[in-house]
Amino acid sequence: AQTVTQSQPEMSVQEAETVTLSCTYDTSESDYYLFWYKQPPSRQMILVIRQEAYKQQNATENRFSVNFQKAAKSFSLKISDSQLGDAAMYFCAYRSAGVSYGKLTFGQGTILTVHP
Amino acid sequence: EPEVTQTPSHQVTQMGQEVILRCVPISNHLYFYWYRQILGQKVEFLVSFYNNEISEKSEIFDDQFSVERPDGSNFTLKIRSTKLEDSAMYFCASGGPGAGGQFYGYTFGSGTRLTVV
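Residue numbers (our numbering), protein chains in the order written: chain A, 2 to 117; chain B, 220 to 336.
Please keep in mind that the hints were generated in silico from the structure rather than gathered at the bench. Treat the hints with caution; some may be incorrect.
The list that follows gives simulated cross-link-like pairs (lysine to any residue, SDA-like), each with its CA atoms no further than 20 Å apart [as the list claims (entries may be wrong)]:
no.: 1; chain 1: A; residue 1: Lys79; chain 2: A; residue 2: Ala2
no.: 2; chain 1: B; residue 1: Lys261; chain 2: A; residue 2: Ser77
no.: 3; chain 1: A; residue 1: Lys79; chain 2: A; residue 2: Glu53
no.: 4; chain 1: B; residue 1: Lys261; chain 2: A; residue 2: Gly99
no.: 5; chain 1: B; residue 1: Lys276; chain 2: A; residue 2: Gly99
no.: 6; chain 1: B; residue 1: Lys276; chain 2: A; residue 2: Thr4
no.: 7; chain 1: A; residue 1: Lys79; chain 2: A; residue 2: Ala17
no.: 8; chain 1: B; residue 1: Lys276; chain 2: A; residue 2: Ala2
Construct all of the structure, not just a fragment, from the sequences and the given hints.
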């Protein structure tokens, strides 16, 4: 079974600075998807960014980018120019590509605080 | 942008009572899910549903739980006899192709906070 580990229960960053959230995963599969979801205080789950394992290029979405290291099974999220609205719980998630629209396996989450 | 709608947003029920949580997935999505998040903990998969049947379920999804798509638009989660430990946030999600027909991701609803007293 796949597992996802987020080793940072909490992180903080100053507004306009850059922060990196860590995620590692364990799988024997070669093809899969990885995601970062944001959960603000409203508790809605919002997709931030996704990465296909077969793509070597790291995904980027505006101020959000990932560092995907397949051999190391590492998938970190970098938030540049942090804004107060980025404060939330961030979850890393894994999905096997071998099952059509299979389940997501989530990490424990990292609470991000943004200081003005 | 299409949304997944969940009702109610908050439900309080007495232990032993049945509850039904409702979800309206995105209309062109074919895959539906329920996840649970106990306060302060990680999000856990409960069940996935495709082509009018359960495609996968977790060990949490025991005989007390059932899912149904009664009318082609709603997707419901029923808990037959609630326990205190069922208190959690329940998220519905749906999955379907994005622009270009490729897999994009999953869209989550805003959740139903279930409190069992």
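Checked hints:
no., hint, result
1, A:Lys79 to A:Ala2, "27 Å, violated"
2, B:Lys261 to A:Ser77, "18 Å, holds"
3, A:Lys79 to A:Glu53, "17 Å, holds"
4, B:Lys261 to A:Gly99, "24 Å, violated"
5, B:Lys276 to A:Gly99, "17 Å, holds"
6, B:Lys276 to A:Thr4, "17 Å, holds"
7, A:Lys79 to A:Ala17, "13 Å, holds"
8, B:Lys276 to A:Ala2, "14 Å, holds"
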